[in-house]
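2 protein chains.
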Amino acid sequence: MLSKILEPDSIAVIGASSNREKWGYRILGNIISAGYSGEVYPVNPNEGEVLGMRCYPSVLDLPHRVDLGIIAVPAGSVPAVLEECGRKGVRGVVIVSAGFSEVGNRELENNVRDIARDYEMRMLGPNTFGFINTHLHLNASIIPQMPEKGGISFVTQSGTFGLALVDWAASQQMGLHLVVGVGNKADVDDSDILEHLSADRHTKTIMMYIEGIERGRRFIDVASRIGKPVIALKTGRSRAGSKAALSHTGSLAGTDRIYDGAFKQAGVIRAWTIEELFDSALALSISQPADDGIGIISNGGGAAILAADLSEDLGLHLPDLSGITVRMLEGVLPAIATPANPLDTAGDGSYEMFKDVTDIMLSDPGINALLVIYVHAEMVDPCLPAEAVIDAREGCDKPVITSWIGGKGIGTAVKRLEENRIPNYPLPERAVVALNNLVRYKRILKKR
Amino acid sequence: MLSKILEPDSIAVIGASSNREKWGYRILGNIISAGYSGEVYPVNPNEGEVLGMRCYPSVLDLPHRVDLGIIAVPAGSVPAVLEECGRKGVRGVVIVSAGFSEVGNRELENNVRDIARDYEMRMLGPNTFGFINTHLHLNASIIPQMPEKGGISFVTQSGTFGLALVDWAASQQMGLHLVVGVGNKADVDDSDILEHLSADRHTKTIMMYIEGIERGRRFIDVASRIGKPVIALKTGRSRAGSKAALSHTGSLAGTDRIYDGAFKQAGVIRAWTIEELFDSALALSISQPADDGIGIISNGGGAAILAADLSEDLGLHLPDLSGITVRMLEGVLPAIATPANPLDTAGDGSYEMFKDVTDIMLSDPGINALLVIYVHAEMVDPCLPAEAVIDAREGCDKPVITSWIGGKGIGTAVKRLEENRIPNYPLPERAVVALNNLVRYKRILKKR
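Each protein sequence line maps, in turn, to chains A and B.
FYI, the numbering used here numbers position 383 of the first sequence as 383, with every residue one higher than the one before it.
FYI, the numbering used here numbers position 233 of the second sequence as 233, with every residue one higher than the one before it.
Chain A on its own, in the form it takes in the complex:
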């Protein structure tokens, strides 16, 4: 059970420190400032008080046993500290300390893993940045910013890059639930986390950053049974990149083609860039999956054409409109506009126009998902077409995603779309890439 690690009622921070340069200071500080409501105990034999809290010399001195021990002591001291955790009855541990297999110290790592197993403690790490649980207001990590709450859980192979990505996502106001750095995966690995997330009610979508997977068969087994979208970015597909991956992770579980096959078998959506990973996770977390058959609407022709171009590049189908749809559109469009897919309202970005054309396009039996693009021209309140899309989507089960394009003037409209759980993107191509992954996910579901 990973819940004692990822949803603890009480935490000991072992290696808690008053020295701002130490991870033991940062993690304890992050736990306190994010507002975690469970019990927290600093542990360090060399400190009497840390951050105004009483500090215990050892886990053995704690007044109660705790669910989670977070260990941030030098690598050489980890076995002894872990023994004490085991004797105290700590249920799970996160080992933030570095200096294990990632620097060739595999023996120490095996030793630590064996101690944890002897005491039946699950162990995250070593060499992980920790984890975040936004719904518990728990930042048990060295990540400086707490992300917004949301339905995406992010599993990332630790290391500097994984850490920086989470920090970046937090600065983008991306809504996350759990963020887990798996580190060296000496005990808990990606598949264990996936199993936990599968049952987790806050997690709607799983986003993964993967450098390598050791137990591929188990990964495929677990991933293919998850009833939630899993989207993964896996590095190392190039000649230069896979050579570097070999030296970076110290082990190469297979060539990229093997990963590609495994993802297909497991029903994992593979993303090719960080932007695709994050943008698509957003769409997958708040929208239903989409059947192919895409409709595109815009008040500025160029944007709709750009979106249509990329849609076809990605293999999406833009159906011709039915005769009824064409006649209905003729009834509402300005004379200079042509009823077609993609549909250009010839500049009209009013509530009425956007409501009418969105309703009509959604009623076309050939259109299974809709991309609505609004390009802001300062003469219209950009909230009006946003409200039109929000209203038109009401009671309709076809996915709708949007791209509101413009400068500072569109902020409120974008917020309204977000509040109404419509995936929105600042550029039309990013919306198309995300929509394509809604279609890919629907295909995965149909095959199951």
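Simulated from the structure, these hints should not be mistaken for lab results.
Be aware that a few hints might be false.
Since copy identity is lost for identical chains, a pair holds within one copy or between any two.
[To be verified] Here are the computed lysine to aspartate or glutamate pairs in the DMTMM-like style, where the Cα-Cα straight-line distance is at most 20 Å:
(1) 243 / 330
(2) 243 / 312
(3) 243 / 313
(4) 22 / 378
(5) 243 / 320
(6) 447 / 291
(7) 22 / 348
(8) 4 / 189
(9) 22 / 381
Given the structure of chain A, go ahead and fit chain B onto it with the hints provided.
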């Protein structure tokens, strides 16, 4: 000569209005608030005063003749107003008014063009959002935000989308010099603007958003003679998109394949997404072009591998390092790091490490351009590796671009890179795409 339009000493705003809903109000307001230092005259027979300025009934009543007339009156009144401009000796006009060929009113457009030609006035538009000249502090457009000053000039086929794009770019703090909406191109077209920009000392790079070009031969002639990079996004390459383009612009100058050939012949770099267009224009405007042979450095292995993957996808070459380079790197890298390309410093993001490895990689004869990636882990001041790259680049003529990845904590470091004219991107893949276009531009220059 377009300089009387784009660099005017004096301007009449014809159709200036006190009504905030009118373009004549917005344009006059934008001219004043952006801080243009030339003379400005509001013209409108129905207003005595606009925005606190004396309003003249007609251009004929102005105390002096002016360089530029900006016309924002109903389409039907444009011919009479234009006649008056001609009689007064106005040197050039911008017709913001809509209601011409874009709504099928080609006769009126031809009429207007003929009047302008009779009086030897060059004419931008009709149906344009106007233009911006940041170095003159002149916002003669309906764009609400004034962009930052910079070396990129942006020529865009008008319409709502072009307008929204400029507004978006301004909100991204993208540095621009001229922004020109070409509108219906009844007189001045893309090629005329290109000729002007070719000689313009503030313009380092030309960025174009194109829906269609009428006089293809002239475009190729002009573009192939420009000694500055031109990067263009052209819409309508798909089946659905090109059908829409036909109905949107009312004319289709050729299929996409013809455009592709024309761009190649003219030495125009073709971008495939808005993000590529903007990101690459930034790199082209502040960096020298790059020969193939890319080196990649990072303190977080995953980011370097991701960049290497995409580099190979795009056809870039990541050479193996020379024996000397390997030995020099062995002298500075931590024991756990491998001297290779891409190079991973195994987490070390210090000034000394970044300075040493950047110096050494730049000295390798096989490496002609360098991508330096820094992933922020909160334990290092992100300004230190930035200063290292700035110092290492000093006196070296190989292009260096960067990707600083992280949340709010890296802001100052990013600013330092920008100040030192190093193209920097928040994600490594965006840096690779931009670098690829530096290489494409160098190939274009070699063919000339």
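Tested hints:
1. 243 / 330: Between copies only: 18 Å across, 58 Å inside.
2. 243 / 312: between (34 Å within a copy, 13 Å between copies)
3. 243 / 313: Between copies only: 16 Å across, 31 Å inside.
4. 22 / 378: between (51 Å within a copy, 11 Å between copies)
5. 243 / 320: between (47 Å within a copy, 11 Å between copies)
6. 447 / 291: within (13 Å within a copy, 47 Å between copies)
7. 22 / 348: Answer is between; shortest inter-copy Cα gap is 16 Å, intra-copy 58 Å.
8. 4 / 189: within (16 Å within a copy, 67 Å between copies)
9. 22 / 381: For residue 22 and residue 381, only the inter-copy Cα distance (15 Å) is at most 20 Å; the intra-copy one is 50 Å.
Comparing the model with each numbered hint stated earlier shows that all of them hold.
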